[in-house]
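Asks: What follows is the residue order along each chain.
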Amino acid sequence: MSGKKLGIIATKGTLDWAYPPFILASTAAALGYETQIFFTFYGLQLVRKDLNLKVSPLGNPGMPMPMAMDKWFPVLGTALPGMEAVMTSMMKAKMKSKGVASIEELRELCIEAEVKMVGCQMTVDLFDFTQDNFIDGLEYGGAATFFEFAGETDVCLYI
Amino acid sequence: MADFDQELDASGLNCPLPILRAKKTLAGMDTGQVLRIVATDPGSVKDFEAFAKQTGNELMDSGEEGGKFVFRIKKA
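As given, the protein sequences belong to chains P and X, one line each in that order.
Residue numbers for the first sequence follow our numbering, beginning at 1 and rising by one.
Residue numbers for the second sequence follow our numbering, beginning at 1 and rising by one.
For the record, the hints were derived by calculation from the structure and aren't laboratory data.
Heads up, the beta-carbon is just placed ideally off N, CA and C, and yes, glycines get one too.
It is possible that some hints are incorrect.
[To be verified] Just a few of them, taken from the derived set where beta-carbon distance is under 7 Å, the chain X residues facing chain P:
| id | residue |
| --- | --- |
| 1 | L13 |
| 2 | I19 |
| 3 | Q54 |
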């Protein structure tokens, strides 16, 4: 065991941005890292009980559409009603066909591997969430709570 | 006699699942026992090297068999 520590700040709440924190955290845990993720602002979406993450094609010009969607729907087309749902289901289907785990599965693996998850209490209050909205076992704290752990980490990422 | 104690079929799974499943399977094995892993993710070749280096479990060998990647890891 390396005895190393990894800290991650997760700030994004879309399906595509949900992968990096959960993949890195679960892998680090498997490598023996003590791992903690601090979920703040839109990152809180990743620890909701009812996960309903979507891909946002709007204003995301770097996102390649594996199914050549961009050819059929140029930039303005991504603003059409329903486009987000279409892209989200296409992305999910693509991921499944490539053997990429679902976010639910990766989050469960993180919990199993004892990755500590901390929700930002300030953001919870800001968006009028209640602790009932979030998974059991989520701890709550602020920036100071995170720094207590972050200051001892070997790797610390802002995602 | 088989040259491993347990086998894990991670075919069709992608990063990071093969590593996570291997870690979980190894947790239920005894020191010195050998786990054979079959994977189809090309990234797993480098990943299992890195996994062995960082966890201390010994990567005995790795190779290709019928288009799949095969690893043997001895639990430390």
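Asks: Taking the hints in turn, state whether each one holds.
Replies: Right, here's what the structure says about each hint:
1. A distance limit of 7 Å between C-beta atoms decides the matter here; for L13 (chain X) the minimum to chain P is near 5 Å, and the interface restraint holds.
2. For I19 (chain X), the suggested interface contact is upheld, since its CB lies about 5 Å from the closest CB of chain P, less than 7 Å.
3. Contact between Q54 (chain X) and chain P, as hinted, is supported at the beta carbon level, the nearest pair being about 5 Å apart and thus within 7 Å.
Hint compliance for this structure: every hint is met.
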